[in-house]
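**Q** Going down the list, the protein sequences come from chains Y and P. Under our numbering, the first residue of the first sequence is numbered 1, with each subsequent residue one higher. Under our numbering, the first residue of the second sequence is numbered 1, with each subsequent residue one higher.
It is worth saying that the hints were derived from the structure and are not from the lab. Don't take every hint at face value.
In silico DSSO-like links for lysine-lysine, alpha-carbon gap of 27 Å or less [to be verified]:
hint, chain 1, residue 1, chain 2, residue 2
1, Y, K405, Y, K133
2, Y, K49, P, K64
3, Y, K316, Y, K282
4, P, K64, Y, K564
5, P, K176, Y, K79
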Amino acid sequence: MKKIERKDFLKLGGGAVLGGLSGWVFSGAPFLGFQWLAEWTQDQYVPVKGFEKYVQAVSDSCPAGCKVSVRMIGERAVKIESKDGVCPACHNALQLTYHPERISTPLKRKGDKGDGKFVPVTWEEAIKEISSKMNSLITEGKANSIAAINKNESLNGQLMEKFIKAAGSNNVYYEPSLKSLTSSALGGYINYDFANTDYVLSFGAKLVEGWGSSADMQKVFTQWKSKGTKIVQADTVCSMTASLASEWVPVKPGTEAVLAFGIANYLITGKRLNSTGEEFGKWSQLIINKFPLAKVASYTGVSEERIKQIGDEFSKAKNPVAVSGKGAHGVNASSAEIIAVYCLNTLVKSRAASLMTNSSVSYKGEFAGLDSFIKDGNFSMLFLNNSDPVYKSVLGEELKKKMEKAFVVSINPIMNDSANYADIILPSLSFLESETPENKTVVSNFKESKDAKDIIIALSKSIDKTKDAFSFTNGIDSFKVTGKETASGAKFSFNVDKIKNDIDALDKKFAANAEYPLFMIPVEAPLVGDGDGLAFPYVLKSIDPTVFYKGKLLVQINRETGKKYGLSENESIVIRSTRGKLDKVYVHLTDTVAPDTVAMPLGFGHESYTVYGSKKGVNPKKIMAADVDPLTGTADWWSTRVKIS
Amino acid sequence: MEEKKIEIKMKRKWGMAIDLDKCTGCGKCSVACNQENNMPIFEDDSDVPKRVAFLELMKVTNDKNAKFPDVKTAYLPKMCMQCEGNDSGKHKADPPCVSVCPAVATDVGDDGVVSQIWSRCIGCRYCQAACPYEARVFNWWKPEYEGSFKKSLNTDVSVASRGTIVKCTFCSHIWKRERDAATAKGILDINAVMYTPACAAICPTGAIVFGDLNDHESEVSKLTTSNRAMRLTNSIDDIKDPEKKKALLNKKQFANPKVYYLTSQSWLRDMMRFKKNS
C-alpha cells in the first residue's frame, strides 16, 4: 500500500471539505437558512390601511335574508357584525368573498368529467354554448329533459324555477330542506309562532343548533328561557337542544315517528281528541290498531307512563306546539313522521303552527322530490344553482353517473363536488358583492364573476322560448316580483293510502337484525353543519377534537356498546351497511349516545370543495339508507342499519 | 402660559360573565374572534394543541361520571381569563404569566387587561407553561393568509411572526379605537368610553356579557355576584372563612381570573372545580 504523504493528506482533506461544501450548497440548506432568517427577523405582513366605515347589507343568497353590518377598511371588508343575528353561512361570507379558490371566469370542461380539469372561456362563449344546446333540445321537443337543482328558495332559486318552467320543463328541484319536506308532506310549510307558545314538543329537531332559520331560533331560545317555556326534546344523542331542554326524552335511533304515533294514539283513545284533517278516521284506525302503547314503548324505549305523561302535559298546555324535522342544518324526516307530528298539533288545535305556501316556489317537479328525480328521472341538461347534490344526496353516486351522460351547467362561486362533473361552470357572487334595492354592494365583484340572478336572466334572454320569461333585464329589478308567502288554502290531509306501506315497513325496520345490529345516525358539529362550512378556515378552527382530530374523523359510540364490540378509544373501525362501507373512521367512546348507535358527524368527506374542505374524513351519505319517501321524494336516510368491524 | 396637566385615573376593570345556561354552542363567538384578531389560516387545523385561536369552543360532557341517558352536554367558550393575580397589597398584581416573562412582553394594566405584545415576545414559552388555562398559543408556523384571504385582515391587530406567543386581549384594541374616536370628538376622559369585544358583540343569545367590574351597577358586576356565578379556579373560591381564604391567597400563586361562568347545572359546576360527580 502506498504511503500517504502529507501533501496527499491535505489534498484528500481539502477535497472532502470542498465536496461537503458544494453538497451543502446544492442541497439548498443555506438558502433555506437565509429564508428562515428573513422570516424570523423581519416583520410579517402588514394589512393595508384605509378609512374605516360600516356598510349595511342584506343577504340575498340565504332564505332568511340575514341583515349584517360590515366593517370596512378602505375597500376591504374585514368584519361581519350583526345585531339581528346572522346564519353561519352569512357570518362566514368574508372567507367566501376572499377565498383564494374563487372561480374567476366561466369555465369549460377539459378532459373527463370528475377530473377537475377546466379551461377559462368568455361569458359570450359560455352562454352561446348553453343556449345552442338548450334551443336544440326545445326544438326537438325534449324540453322536459332540462332540469334544475336549486340550493334553496332564495330569489335566484325562484328565478331559476321560473326560467326552467318557461322553457317547458317541470323538473325544478330544491335541496331537501325543512320547507321542501313539510310542503310535500302537508301541502304547505309550517309557520311556527314560537314566541307565543308555552310548550314545545320537538321530535329530534335540533332547535338551537341550526334547525329552521338558525339566527331566529337563537332569539326564540332566549325568549323561551326568559318566559319559562317548557321544551321537551325527543332525541337519540345528548345534543345541545336535548341538554338545554326542560326535559329530554331519550328515544332509540330513528323512532321519533313511532313516538309521535304513540302520543297521538293516547290523545285519540285516552283523551278523545280528534283532528279536522281529511282521512283522519282512516289514519286514527291505522295507528290505533298498529301502534298500541306497549309496542310504541318497546320500539322507542320510552315507557307507557312517560308517553301518557307527555300526552297529558301536551294537551293541557295553553298553546302547545309539536315540531318535526330531525336534524339541524341537514334535516330529514319521512312524510309519515311529518304528518304524525302535525297530527298532534291538529289534535290539540295548536294556534302556533299554520301552513303556508310561496307563490314562486313549488317544491314539486315531475317527480316528488330531488332523490326520486335522481333515482327515476332522466335528463339531458341539468342546471345546478349553487347546489351540491352529489355531496348532499345519499344518491350522489347515481347522480354522478347520470351527470356524465348529460350537459351540466353549474352556477357557484367556489368549486364543489357536483360542479366537478359540470360541462360549464359560471362563477357567481357572495352576498357581499351583490346589490339589493336597499343596499349597494359592499365590495366589488370578484374578477369576471356575476350575480346569479343576472346570469339566469341572461340565460333566459339567450333562448328563443324563454326570451319573455322575465319582464326585466337586471337582477336588481327581480326583487319586485319576489314570491309572496300566503296561508295555504289547501286542506291538510293524512294521505293514508300513499304512506301506508312505509308505516307497515317500520316493523321490519325495527325488528332485530343479526347481520346489521347497530343504527347509524347523523350528528352535526357547530358551524360545519351539513358540510357547507368546511371550505372556510375559520370553521376548521372551531371543530372540537372529539369530532375531528389530527386529520381523523371520530364517530361516537356508547361505552357499553364499545365494550360489547371490544372497541377502544381512537381505534380505527370499518362501518358497513347494505349500500357499502366506510373506512378510516375512528372511535370516540361516550355515553352521550344511546346504546347500539353509531353517531356519525355530517359535513366531512368532500371530494372537491377547495383545499380546506376536501379529503377530510368520510361522507356517510354514501352508505346511508336510500329508501325514497313516496310523498317527499327524499330518501329517508336518518337511521341506517350498520355493522362495525 | 401654564401648561394644563391632565391627570387620568383608570376607573375601569374589564371583566366578563358567560352564562352557560344560555349558550347554545353556535360558534359565532369563535368566528367573530378569528375575524377580529387576524387568526392565521391553515389547511388542516385539527391538531388542537397547536391550533392558533384565542377563543376555544370547548365541548364538555359529564359522560365520565354518568351513564346514558343521565348525561348532559355544554359548550364552554374559553378565552384568556385575564387573571388579576394574587395581590396581597404588598406589590403590584401579578397574573401567573406576567411574573415569568423575561422580555416584558406581557403585563397587566390598571384596566385589568393582561396585554401581550407579539413583536416583543422572544418565544421562550414560559408564560404558556405558567398559564393555568392554556389560554396562550404559540405560533409554531409562520401565520399565513393565502392569497386573497389577506384582504380580510384587520388593521388594528398586528400580524404575529413565527415563534411568538399570542393570546386574547379582551379585544382591547377596540377600546383604543373607541377612545380615538372619542378623542376626535373632544372627549378626553378615557373612562367615559365603553366597548364590547367581538365575541360578546356577536353572541346571539346574550350569553356573553362584558363590562366594568368596578361599576357595581353594570350588568356584568351584577351577574358575577349571582349565586350561579363561578370561576375556573381551584377550591379557594369556595372557602367561606375569610381569614383562612386570605392566608391561602397569600401563600399560593392564585390566578384570580376576571372571567366568570354562570350555570345552574351542578355537574358543570363540579367539572369546572375538577370535582367528581357524586
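**Q** When the structure is checked against the list of hints, which entries are broken? Sort them ascending.
**A** 2
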